[in-house]
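Chains as they are written, first to last, in my numbering: chain A, -9 to 328; chain B, 2 to 326.
Possibly wrong hints are sitting among the right ones.
Computed cross-link-like contacts, SDA-like style, restricted to lysine to any residue with a CA-CA straight-line distance of at most 20 Å [what the hints assert, rightly or not]: (1) A:K324 x B:L242; (2) B:K111 x A:V326; (3) B:K52 x A:K324.
Keep in mind that the hints were calculated from the coordinates and are not lab data. Values in this document were obtained by computation on a predicted structure and should not be read as measured data.
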Amino acid sequence: MANAAVKELKEAKKPRWKDLNLSDDALIEMYKKMLTIRRFEERAAQEYGKGKIGGFCHLYIGQEAVGVGAISALREDDYIFTAYRDHGQAIARGMDVKPAMAELFGKATGCSSGIGGSMHFFDAERHFMGGYGIVGGHPPLAAGTAFATKYQGKDSVTICFFGEASSNQGVFHETLNMAMLWKLPVIFICENNWYGMGTAIERASAGGDLYDKAAGYHMDRAAVDGMDVVATYRAVTEAVQRARANSTPTMLEARTYRFRGHSMSDPGTYRSKDEVEEYKKSDPIVTFGAELIAFGIMTQEKIDALDAEIKQSVQEAVDFADNSPEPPLDMLHKNVYA
Amino acid sequence: MATLQIREALNQAMCEEMERDQNVFIMGEEVAQYNGAYKVTQGMLKKFGDKRVIDTPITEAGFAGIGIGAAMVGLRPIVEMMTWNFAILAFDQIMNNAAKLHYMSAGQFKIPIVFRGPNGPAHMLGAQHSQALESMLAHVPGLIVMTPSNPYDAKGLMKSAIRSDNPVIFLESELMYGQKGEVPDEEYLIPIGKGDVKRAGADVTIIAWTKMVAVALQAADELAKEGISAEVIDPRTIRPLDEDLILESVRKTNRCVIVEDSWPFASVGTEIAHRIHTKAFDDLDAPVEKINAADIPMPYANNLEQEALPNAAKVVAAVKKVLYR
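Work out the full structure, taking the sequences as your base and the hints as a guide.
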C-alpha cells in the first residue's frame, strides 16, 4: 500500500484490516512468514551458487504476499496445491525451514525425504498436497480433492496456486468447467507475475484480464493486488466463505511480480531493470512492515529483532541440511508402489 | 456358477466393491444415464445414484486428474475411459501424477485409482480408434497394468484393482464384452501379478493376453490336430509380470511364441522375450518368436485390417518355425 494511503488511514485511525477479525498477533505472524520466506529464498540462492542445491530452483521472492495472504485465510483441514515455485507456500503453511532446506539439499531429512526436490515439496500432515512440475498439470488434482471433501460431507476447501502461463493450458479450462459444473469448493489462485519463464503474458494469452478466463464458466472471479498481503487475505477469505457455505469455486488473479529470474539459471534479459526496480518499490514485505509500524503494531526495533531471529533460524536450517544424511540407497526402489 | 458376459462380470465386480466401500465411485463419459458406451455400467446409476455414478464432460485429462486428486484424500475412484485411444489425452495425468505421487512424496500420498476401458484394435474403426497401448502404459513405474481375457479373470482382477492402493490400468476390449464364461457365485479375488495356464501343453509355450488369448487357443487347437502340444500362458497382469510362471513353462517346453495385437517396436512381448532369452537361455531350443500387429497406423478396409492383425494361422506358422518344422 502506498505511504500516502497508509497515512490517510492512520489519521482516520482506521486500519484496513479492522473488519477482518485479524489480531495483532495474526498480523505479525503474516509479516513473519513473509520475511521467513524472503530470507529462506535468499539463502537458497546462495547455497545454489555454492553447489549445495542442484537442478531447477524457482524462487518466490517478490510473491510472498500471495502465498501468505491466501494460506492465512485457511483452516488446518483445508488443502493446498501449488506448482513448482513451491517453497514459499510450504513455509506459509507452517513447514519448518529445516525440512524445507534439507529437501533442497537432497537430504533424507527433507520434507519429501530428498526424493522430491525443489519442485516437489510435500507435507501430508499439513495438507500441503505438493508442488507440481508440469505447467497446468495440477489444477484438476485440486478440484479432485475438493470433490472428495464434498463427497465426504466435509466443509474443507482446497486452494490451488498456479502461474499465469498455466491459464492457457487445456486441462486448466477442463478443470474450471468441471469445478463450476459440479460446484466444487476450490479456489483457483492465479499468481500473475507477468512472465511464463521469458514470455510476457501478452505474447502468450489472448483476451484481457486473466481472471476473466473464468467468465466463460460463470465462476466468481476477481483480480487482487498480490503485492498486498491484507488485500490477498481479504479476497481469499471471501472466496473461502463462499466455498464453505455454498460449495462454489472462485478464480482469483493475484497480480504480483517475481524479483528474481524464473529459475536460478535465468539472466532475465526479457524485462528491463527499470521495470524490476519499479515493482520493488511495492515490495510486499517492506510496505506491510511500514503499515504495521504506522499503526503501532510493530516497531522498527521489533522488526530488526525478528529479522535477526529469522536469519538465525535459516542459518540453523542450512546447518541442519548440511549435516543431514543423504537418503539411504535402499530408498531408490522404495515407494514406487504403495 | 453363473454364466456371464465380461461386461456383466465387470459390472458385478464394481457393484460388489461399491456396496462394500462407500469410498468407491465411478466417473466417466456416458457411464450414468446412458448406462455406459459398452454397457459395462448398466444399472449402476439406478443402484447407487448420481453421487457415485457420475457422467463427465468429454475431458479425459480433466476428469482423470480429478480422480487422482480425490484418491489423494481417501476416495477410491474408478475412472472409465470410453476407450484407451481417448485416454491418451490423459497420459500426463496418469504418468506424471498418478504413477509418481507416491514415490515423489516419499510415501506420503497413496493413489488408489482404477483407470479402465477398452484397449487394442476392434474391427474397422480406423487408425485413431485401433491401437493397443499396453507397452506405453506398462513402461511407467508406479502403474499396475491388468489385461483380463475372460469373465472369471475380469471379475477377480477388477476387485483386486479396486482394492489396490496403487493406480491400476485395466485394459479391456470392445470385442470381448459379450464373451461368456463361468463366474462363481461366491466372492473371489485374483491376486495381482499371478498369471494363469489357459491350456497345458508340452511342446511350445504361447504367451498371450486379452483377446489374443482366444487366438492362441485357436492356434493350439489347430496344432493339436498335427500332434503339437501347445501350452497357453496368460500373464493376466502385464505389470507386475508373472515371470516365474513364464520361465517355468518355457523351461518345460523349450520354445516360445508371444502373441500381441500391439505394434512390434519396444512392445511388452519384446520385454518378455528379452527376459526369457537372458533368464532361460540354456533351456531354449529356438529363439523366441513374436507375432504383432503390423507396424502401421491401422487402415479401415476389412481386408487390410485382417492382414495387419495376428491370427491363428500366423501363430501356427510361428510355432512351426520355433519347432523347425
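Verification of the hints:
1. A:K324 x B:L242: Judged against 20 Å, a Cα distance of about 18 Å means the pair holds.
2. B:K111 x A:V326: 10 Å, holds
3. B:K52 x A:K324: The given pair, whose Cα atoms are some 36 Å apart, is violated under the 20 Å limit.
Comparing the model with each numbered hint stated earlier shows that hint 3 is the single one that does not hold.
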